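Asker: Listed here are the chains, written in short residue letters.
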Amino acid sequence: MKTFHKGGVHPNDNKLNADAPAQVLTYNGPFCIMVSQHLGAPSRPIVQKGDQVKRGQPLTENTAFPGSVVHAPVSGTVQNVTEAPDTGNFARPAIFIQPEGDEKEDFISDDPTLEREISLSPQEIIERIKDMGIVGLGGACFPTHVKLSVPKDGKAEYLLINGVECEPYLIDDYRLMLDKPDEILVGIRILMKALSVDKAIVGIEANKPKAIALLRQKAADCDGITVEALRMKYPQGAEKQLVKALTGREVPSGKLPIHTGCVIQNVGTCFAVYEAVQKHKPLTERLVTVTGPCVESPRNFWVKIGTPVSALVEACGGRPENTGKVIAGGPMMGKALPHLDLPVTKGLSALLLLPEEQAHRRTAEHCIRCGKCVEACPMGLEPYLLHAAVRNKRMDLCERHHITDCIECGCCQYTCPSFRPLLDTLRLGKSKVNQIIRNRNTPTR
Amino acid sequence: MSAEKSAFQKLTVSGSPHIHGPESVSKIMWGVVIALLPALTVSIYYFGRPAVRTIIVSTAACVACEWLIQRFMLKKPVTVQDGSAVITGLLLAFNLPATLPWWMTVLGAMAAIGLAKMAYGGLGNNPFNPALVGRVFLLISFPVAMTTWPRPQPMADLERQAVEISAAAGSTATDALTGPTPLGLIKEGLQQGMTIDESIKHLGLTPWEMLTGQHAGSLGEVSVLAILLGGLFLLWRRIITWHIPAAFLGSAFVFAAILHAADPQAFLPPGFSLLSGGIMLGAFFMATDMVTSPMTPWGKIIFGLGCGVLTILIRNFGAYPEGVSFAILIMNAFVPLINRGFKPKRYGC
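Protein sequences, first through last, are from chains X and F.
Each number in this note's numbering comes from the position in the first sequence (counting from 1) with 3 added on.
Each number in this note's numbering comes from the position in the second sequence (counting from 1) with 89 added on.
Keep in mind that the hints were calculated from the coordinates and are not lab data.
Be a bit skeptical, because a hint or two may be false.
[Claimed, not checked] With beta-carbon atoms standing in for the labels, derived distance ranges:
id, chain 1, residue 1, chain 2, residue 2, range
1, F, Trp331, X, Gly257, 31 to 37 angstroms
2, F, Tyr209, X, Pro424, 51 to 57 angstroms
3, F, Lys164, X, Ile439, 36 to 42 angstroms
4, X, Gly32, F, Lys164, 54 to 60 angstroms
5, X, Thr445, F, Ser103, 48 to 54 angstroms
6, F, Ser103, X, Arg443, 31 to 37 angstroms
7, X, Gly32, F, Ser103, 26 to 32 angstroms
8, X, Gly257, F, Phe231, 57 to 63 angstroms
9, X, Thr445, F, Leu402, 53 to 59 angstroms
10, F, Cys438, X, Ile439, 19 to 25 angstroms
[What the hints assert, rightly or not] Covered stretches of chain F (chain X as the covering partner; in silico rule of three or more C-beta atoms under 8 angstroms from a C-beta of chain X):
id, stretch
11, 106-115
12, 212-225
Computed from a predicted model, the values in this text were never measured in an experiment.
Glycine included, each C-beta is placed from N, C-alpha and C at the ideal position.
Work out the full structure: start from the sequences and follow the hints.
Answerer: And the structure:
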């Protein structure tokens with residue numbers, strides 16, 4: 004079975020209640036749509052307080068690169084265009100909508116029958132994906148149309164589909180693969196057409212045998228699409244590790260996967276692409292896992308973007324008494340939320356509730372130079388060295404030892420027997436070094 | 090009501106990752122202690138009460154020394170419960186003759202913990218293996234006591250013999266109770282003009298006796314089998330990797346074989362080299378010390394190679410019959426250089 008070879012860790016996968024069917028979350032309160040829900044240049048709101056909006060109507064515009072837009076998840080009235088806290092509790096522009104009636108944009112098709120025929124041209128597909136606000140749903144939220152526009156110095160050979168879901172607890176991609184395999188495969192074919200590649204590989208970790216079997220069976224009818232079972236290892240879902248696992252190629256330092264001929268899309272994104280291109284639906288809802296050791300019945304919900312996170316927790320029986328930490332995303336790379344009064348965004352794959360006894364770190368001890376962080380680093384860095392360099396403010400050393408290659412997967416900190424906050428310092432050092440590099444490359448006047 | 094209460098309960102916010110692997114420093118350290126148990130049991134079986142005494146004195150002195158320094162000199166939180174001082178104490182005892190006077194053992198423990206560990210900043214900061222520094226300190230300070238080895242006498246009361254040894258010190262009567270290590274005997278034989286073959290014959294040990302350690306030597310080093318058992322446990326628990334022991338023993342074997350092939354009557358045969366002295370203890374427990382060994386697989390291999398070659402060099406050409414301690418300490422000094430020279434292979438390079 005294939006996998007990537009350098010580093011990685013094996014956390015317990017904790018896929019709780021993975022076979023529970025997905026439910027649609029009903030929520031009728033006000034929606035809060037963050038204006039910018041993608042990685043890149045910020046968007047501008049194009050609606051005003053008091054405006055009536057239809058479901059699927061664009062709420063923002065973005066002419067910058069790379070940019071993406073958001074749409075109204077429901078029809079209703081714009082209550083306010085103001086600010087709301089993001090996952091880091093920073094105030095960001097947001098649009099509040101009070102739902103009313105059920106009017107939708109005329110172009111949207113709610114017909115659930117599978118549409119196999121791809122009628123749009125590659126250019127039209129990319130244009131449509133951009134207009135429908137599709138971003139990478141694996142969590143990074145990078146605008147999908149940008150990835151499909153291959154730069155001049157690259158050539159796409161492979162489309163790699165990320166169904167790895169290597170983070171413990173997360174089951175939304177798995178659920179989607181079981182519930183919407185046909186739609187995902189059409190989505191893959193759409194992306195293949197947009198990129199004009201004839202080979203697509205779906206990578207799924209071996210702990211999801213049902214998804215592997217189902218997609219293999221369905222993919223038998225699709226030319227050029229293969230499904231690869233991957234040996235379980237974190238962080239296999241990271242772009243560079245997935246390229247290595249599926250093609251054996253390595254993305255050179257400082258380059259993008261496209262420079263090795265690969266474009267990577269998440270299975271969730273494939274489904275969103277299907278909906279956008281075949282049904283002309285903007286991205287206004289997604290599948291979210293609500294899980295954790297103290298959650299009574301972990302499961303997946305189809306949630307409209309803009310729903311408050313607290314509504315999701317309520318639907319799972321409320322916040323358990325002993326909840327100590329709520330994480331947006333998985334336990335390895337997710338963000339701990341300051342409170343639950345935050346809206347669901349396009350990048351939210353899961354809500355993980357950890358009990359109080361699992362919410363805290365242990366006290367850091369001395370580094371015993373065991374080298375386990377070096378062994379675990381999938382990028383071949385030396386976290387112990389970078390950690391010391393950052394603490395001694397030696398940014399030159401950090402740069403020389405390639406701190407900018409760090410993918411922030413957290414393997415070093417996960418494995419450290421001394422509980423040292425390796426990733427905390429590496430993140431800090433990485434952003435400082437990136438700042439230094441940017442300043443150096445900006446000509447001074 | 091309860092929902093209201095929980096809504097006000099504060100949430101913890103911290104950077105990812107939010108989960109941690111099963112490993113911790115104390116688990117690693119106590120794992121090493123468990124791995125030392127087979128050799129410990131064998132040493133008590135062979136050397137009786139003096140072995141028990143030396144082990145207890147050494148361990149207690151190391152722990153006490155660390156505690157006193159942290160508590161009263163550094164005035165910092167005391168971390169003796171992490172088990173690292175216990176390991177140093179056990180390993181130091183393993184490297185001493187069982188009948189060494191207790192106050193010498195205490196001095197060795199003070200050198201190991203005070204000089205080699207705490208003076209550099211405690212666990213994780215010491216460049217040299219503390220137990221080996223303690224041993225070499227004693228070897229240089231008390232050369233006679235440190236090379237007076239009791240003969241292993243299963244379950245015998247060696248306490249009485251130890252008294253007799255010190256009473257008879259210097260006279261020929263000592264020979265009945267103490268004896269040279271196999272390596273020491275051969276070195277002596279060579280100096281007296283005997284060939285290797287004659288010396289080994291004179292030694293009269295079968296390979297089984299060598300494996301089980303039925304000959305004079307340091308307390309914990311004699312039984313190759315017991316050490317191998319502990320070493321396998323360390324490998325299985327992933328506390329050590331195969332690189333250092335394999336490179337250490339492999340290079341020692343190959344280098345000894347080359348020397349032996351060049352002049353079979355002047356140099357030790359390779360198999361004998363691996364079964365005698367402290368090379369097994371060194372390869373599995375001393376050289377693999379995380380703090381004082383390199384970080385990367387290739388670095389570890391180079392480190393192990395250096396240890397193996399130096400051990401054979403010292404044994405065959407040096408003044409001492411045994412060279413494991415010196416070889417490891419010398420290679421310890423090269424670790425920063427090895428860490429610089431042997432970087433992990435980066436992704437995308």
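Asker: Holds or violated: the 19 to 25 angstroms window for the beta-carbon distance between cysteine 438 of chain F and isoleucine 439 of chain X?
Answerer: Once the Cβ atoms are compared, 22 angstroms apart, the range 19 to 25 angstroms for isoleucine 439 of chain X and cysteine 438 of chain F holds.
Asker: Against chain X, does the stretch 106-115 of chain F show at least 3 residues with beta-carbon separation below 8 angstroms?
Answerer: This one holds; 8 residues, not fewer than the three required, reach chain X with a Cβ under 8 angstroms.
Asker: If you check the beta carbons of glycine 32 of chain X and lysine 164 of chain F, does the distance land in 54 to 60 angstroms?
Answerer: The hinted range 54 to 60 angstroms holds for glycine 32 of chain X and lysine 164 of chain F, with Cβ atoms some 57 angstroms apart.
Asker: Does the hinted range 36 to 42 angstroms hold for lysine 164 of chain F and isoleucine 439 of chain X at CB?
Answerer: 39 angstroms, holds
Asker: Is 51 to 57 angstroms right for how far apart the beta carbons of tyrosine 209 of chain F and proline 424 of chain X are?
Answerer: 23 angstroms, violated
Asker: Can you tell me whether the CB distance of glycine 32 of chain X to serine 103 of chain F sits inside 26 to 32 angstroms?
Answerer: With a Cβ separation near 30 angstroms, glycine 32 of chain X and serine 103 of chain F satisfy 26 to 32 angstroms, so the hint holds.
Asker: Tell me if the beta carbons of tryptophan 331 of chain F and glycine 257 of chain X are separated by a distance inside 31 to 37 angstroms.
Answerer: Between tryptophan 331 of chain F and glycine 257 of chain X, where Cβ atoms are some 34 angstroms apart, the hint holds.
Asker: Determine whether the Cβ-Cβ distance between threonine 445 of chain X and serine 103 of chain F falls within the hinted range of 48 to 54 angstroms.
Answerer: About 34 angstroms separates the Cβ atoms of threonine 445 of chain X and serine 103 of chain F, which means 48 to 54 angstroms is violated.
Asker: Could you check the hint for me, namely that serine 103 of chain F and arginine 443 of chain X are 31 to 37 angstroms apart, CB to CB?
Answerer: 32 angstroms, holds
Asker: Take a look at whether the Cβ-Cβ distance between threonine 445 of chain X and leucine 402 of chain F falls inside 53 to 59 angstroms.
Answerer: Once the Cβ atoms are compared, 57 angstroms apart, the range 53 to 59 angstroms for leucine 402 of chain F and threonine 445 of chain X holds.
Asker: Confirm or reject the claim that glycine 257 of chain X and phenylalanine 231 of chain F have a C-beta distance inside 57 to 63 angstroms.
Answerer: 59 angstroms, holds
Asker: At least three residues with a C-beta closer than 8 angstroms to a C-beta of chain X: is that true for the stretch 212-225 of chain F?
Answerer: holds (count 3)
In summary, the numbered hints that this structure violates are 2, 5.
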